[in-house]
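Can you make the complete structure from the sequences, with help from the hints?
Single-letter residue listing:
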Amino acid sequence: NAGVTQTPKFQVLKTGQSMTLQCAQDMNHNSMYWYRQDPGMGLRLIYYSASEGTTDKGEVPNGYNVSRLNKREFSLRLESAAPSQTSVYFCASSASGVTLNEQFFGPGTRLTVL
Amino acid sequence: SQQGEEDPQALSIQEGENATMNCSYKTSINNLQWYRQNSGRGLVHLILIRSNEREKHSGRLRVTLDTSKKSSSLLITASRAADTASYFCATLRSSNTGKLIFGQGTTLQVKP
Numbered sequence: 238n239a240g241v242t243q244t245p246k247f248q249v250l251k252t253g254q255s256m257t258l259q260c261a262q263d264m265n266h267n268s269m270y271w272y273r274q275d276p277g278m279g280l281r282l283i284y285y286s287a288s289e290g291t292t293d294k295g296e297v298p299n300g301y302n303v304s305r306l307n308k309r310e311f312s313l314r315l316e317s318a319a320p321s322q323t324s325v326y327f328c329a330s331s332a333s334g335v336t337l338n339e340q341f342f343g344p345g346t347r348l349t350v351l
Numbered sequence: 025s026q027q028g029e030e031d032p033q034a035l036s037i038q039e040g041e042n043a044t045m046n047c048s049y050k051t052s053i054n055n056l057q058w059y060r061q062n063s064g065r066g067l068v069h070l071i072l073i074r075s076n077e078r079e080k081h082s083g084r085l086r087v088t089l090d091t092s093k094k095s096s097s098l099l100i101t102a103s104r105a106a107d108t109a110s111y112f113c114a115t116l117r118s119s120n121t122g123k124l125i126f127g128q129g130t131t132l133q134v135k136p
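Here the protein sequences line up with chains U and S, keeping their order.
Under the working numbering, the letters of the first sequence match residues 238 to 351, in that order.
Under the working numbering, the letters of the second sequence match residues 25 to 136, in that order.
Since the hints were made in silico from the structure, they are not lab data.
Using N, Cα and C, we set each Cβ at its ideal position, and we do this for glycine too.
Where hints are given, some of them may not hold.
Said to hold, decoys possible - Chain S is faced by these chain U residues, among others (derived, beta-carbon under 8 Å):
#1 Ala287
#2 Gln340
#3 Pro344
As the list claims (entries may be wrong) - Partial selection, computed: residues in chain S whose CB lies under 8 Å from chain U:
#4 Arg65
#5 Leu72
#6 Gly122
#7 Lys123
#8 Phe126
Here you go:
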C-alpha cells in the first residue's frame, strides 16, 4: 500500500516550458488535491477534485490546469512555466465528506523554473 | 487568504520539555486539524478536533479548541528530538465542500 505517490521528485524547467506533475493514490479515495508550498506561506490550494469527473479551482489556480484521469490519478499541468511557479508541489487525497476530510499527502515535487 | 495564523513561528526547546503551539482562524469551522511536516517530506495528519469538541488527546498530543475565540492550541508533552518538525493547523470551514485551509506553520526544534 503505497499511499500517495508523486512523480517526478525534482524538476528544473526554463521559463516557457511545459510539464505535467503526476499523482496517484491507492486508498480508493474520492477527493484529491494539489497544493503549493512556499517559504513562509504555508500550503495553498491550487485545484481540487471532490470526486472522479469533477475539478474545481482553489486559492491560486492561475497558470495551472488539472486532469482527474480516473479515481486514482490527478495530474497538474503547467502550460508555460514562470519563475513565480518555483515551489514545492504536494498532492493529497481524502476519503471525502464534508465533516472529516483528513488528508493524506504525497512526498512532494520540487520544481525550479529558471 | 490564509485562514489560520500560527504562533509562534518558531520554537526551540530542550528534550523533555513541553511545546505549545497556537492557531487562530477567522471564519466558523466544521473541524480543525493539525499536521506535522518533517524537513523535505510531505505532511502527516496528527489529530482532528470537531467544532463541538473542546479538548482531544492522542498519545503525547493534546489539542484544545475555543470556538468563541476562534483559536486552537497543540501541546506536545515530554518532547523528543524526533518531534523536531514544522506543525500546521488546518481548518475545514462550515460552508466548505471539503477544502482545508492551512496556516503558515510553527517550526519546532527539540534539542537533545
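Hints breached by this structure: none
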